[in-house]
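Participant: Given the structure of chain H, go ahead and fit chain B onto it with the hints provided.
Protein chains: 2
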Amino acid sequence: MQRYFVDFEIQPHETFTVTGQNFQHLVRVMRAKVNDCAEFVSSDHLVYVGRIQALTTHEAVLLAENRLEAQVELPLEVTIACGLPKGDKAEFIVQKGTELGARHFTFLPTQFSVAKWPANKVDRKLDRLQKIAHAAAEQSHRTFIPTVSYANSLKTLIKQPMQFKIVAYEESAKQGEHTKLHQEIMKMQTANSVLALFGPEGGLAGQEVQTLEEAGFVSVGLGPRILRAETAPLYLLSAISVFKEMR
Amino acid sequence: MQRYFVDFEIQPHETFTVTGQNFQHLVRVMRAKVNDCAEFVSSDHLVYVGRIQALTTHEAVLLAENRLEAQVELPLEVTIACGLPKGDKAEFIVQKGTELGARHFTFLPTQFSVAKWPANKVDRKLDRLQKIAHAAAEQSHRTFIPTVSYANSLKTLIKQPMQFKIVAYEESAKQGEHTKLHQEIMKMQTANSVLALFGPEGGLAGQEVQTLEEAGFVSVGLGPRILRAETAPLYLLSAISVFKEMR
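Residue numbers (our numbering), protein chains in the order written: chain H, 61 to 307; chain B, 61 to 307.
If we strip away everything but chain H, and leave its shape as in the complex, we get:
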């Protein structure tokens, strides 16, 4: 069933009104009629099946029928931070990372970033990425729309208070270090916050990794193969899902 996010609290067994883009999609794209249903995520992250009671040219009135109980959110609040990647890879990371359960994305310039986000374009880029996160959250049946933000530097990023801070470091993988990620994930408890940092195409500089380790980040390898900048976050999110949701 199609899923939409609304920016108000839905009350069970009461009616609510859908307008704007949700209305357009529901009626123009899905061609929904009176008595048809869709899923609506309330601003408190609860999901209701809404049945259309009435339609005008610009709004739909729905009745909130049953609430869906399924737990679809990753049990950890994971932030994926990436050194600015090239081309459309930021879009790719946000789309796939949303499907795989990330709660926040942060992009930041690092030493080996070839891509630049000029100051006057940051807002436009974030807007576009936020829209991708929104669509992917609907499509993958999330109850949270991940946030997308920009950090000016590594210094800004590492100040964020987080319970777990990890950095994916290619050299760790090359040295056959494959157990640390597992160890870290095993320590994580439900609702913990996790910040995971990934380098851009050229990786992170040794000096950056040193700064990060001094700030409490744990260097982890992501298996024995060299993963591209945009694949590494997906591996990490899958690993967290596998250990925390699959057993």
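If you are wondering where the hints come from, they were derived from the structure by calculation, not from laboratory data. Please note that a few of the clues may not be correct.
Heads up, the list lumps identical chains together, so a pair's fine if it works in one copy or across two of them.
[Said to hold, decoys possible] Dumping the calculated DSS-like pairs for lysine-lysine here, alpha-carbon to alpha-carbon at most 27 Å:
id : residue 1 : residue 2
1  : K191      : K146
2  : K191      : K149
3  : K185      : K215
4  : K304      : K247
5  : K191      : K247
6  : K304      : K240
7  : K304      : K215
8  : K219      : K176
9  : K181      : K215
10 : K149      : K185
11 : K247      : K93
12 : K181      : K240
13 : K146      : K304
14 : K185      : K219
Facilitator: Showing chain B alone in chain H's frame:
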């Protein structure tokens, strides 16, 4: 270090000659000079560091120095089979799936496939996908180049002898079934063959899943979120890596 696949057996401490596209890349793109090194994967899947001894206009003579011992291949022989996906998603699946350790890819028409591969274009499509697998195998430092093939139908596919056969089925995920994949992976032993089938954008038909189950396929869910057709194989490969390579 740049990695190349050669189609002959390299002998340790002996010289070997590189021509064609590998030569072009080594000398024109990487601008390698006499005494520079690169990694070469021998046809027996062993990896040697080769040092350039001499260069002409069309070939490089190298000495096979030390052999690299790192185990980079997934310990299982995994075939990813996908209902024909739309657009460039087959390319995406092959590129990312190669990074994540798949050994074979098979594409096949299924009931809900919107995309079609006309008979006269199959070879060209496979050629292109095989090139993507080759480049991704070099880039991710694999010692096998995954194969890419086309199957005419589900019937052809399910005849393949495999030790494990699984099918990713969205309904399993929706029903909160998250343990079967874990159970199946735990049964897999080193060098076992695994065939994992994924539907196209519209998923698999209930009848197809029934046919598959009758042929010994196990239906598994891939966590609680709905994954896109091209994301699901990456989750599966990551899950196998996490359980078999990370601990």
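Participant: Go through the copies and call it for K304 and K240: within, between, both or neither, with a Cα cutoff of 27 Å.
Facilitator: both (16 Å within a copy, 14 Å between copies)
Participant: Under a CA distance limit of 27 Å, which applies to K191 and K149: within one copy, between copies, both, or neither?
Facilitator: both (15 Å within a copy, 21 Å between copies)
Participant: How would you classify K181 and K215 at a CA-CA limit of 27 Å: within, between, both, or neither?
Facilitator: within (21 Å within a copy, 52 Å between copies)
Participant: Classify it for me, K191 with K247: is the Cα-Cα distance of at most 27 Å met within a copy, between copies, both or neither?
Facilitator: For K191 and K247, neither the intra-copy (33 Å) nor the inter-copy (41 Å) Cα distance is at most 27 Å.
Participant: Within, between, both or neither: how does the pair K146, K304 come out at a Cα-Cα threshold of 27 Å?
Facilitator: neither (31 Å within a copy, 32 Å between copies)
Participant: At 27 Å max between alpha carbons, let me know whether K304 reaches K215 within a copy, between copies, both or neither.
Facilitator: Classified as neither; 30 Å inside a copy, 36 Å across copies.
Participant: Should K191 paired with K146 be assigned to within, between, both, or neither, using CA atoms and 27 Å as the limit?
Facilitator: both (19 Å within a copy, 22 Å between copies)
Participant: Between copies, within a copy, both or neither: which fits K185 and K215 at Cα up to 27 Å?
Facilitator: within (22 Å within a copy, 46 Å between copies)
Participant: Checking K181 and K240: alpha-carbon separation at most 27 Å within a copy, between copies, both or neither?
Facilitator: neither (38 Å within a copy, 46 Å between copies)
Participant: If the cut is 27 Å between Cα atoms, do K185 and K219 qualify within a copy, between copies, both or neither?
Facilitator: Within one copy, since 23 Å is at most 27 Å while 48 Å is not.
Participant: For the identical chains here, do K247 and K93 meet the 27 Å Cα criterion within one copy, between copies, both, or neither?
Facilitator: neither (49 Å within a copy, 49 Å between copies)
Participant: Should K149 paired with K185 be assigned to within, between, both, or neither, using CA atoms and 27 Å as the limit?
Facilitator: both (12 Å within a copy, 24 Å between copies)
Hints 5, 7, 11, 12 and 13 from the list above are not met by this structure, while the remaining hints are.
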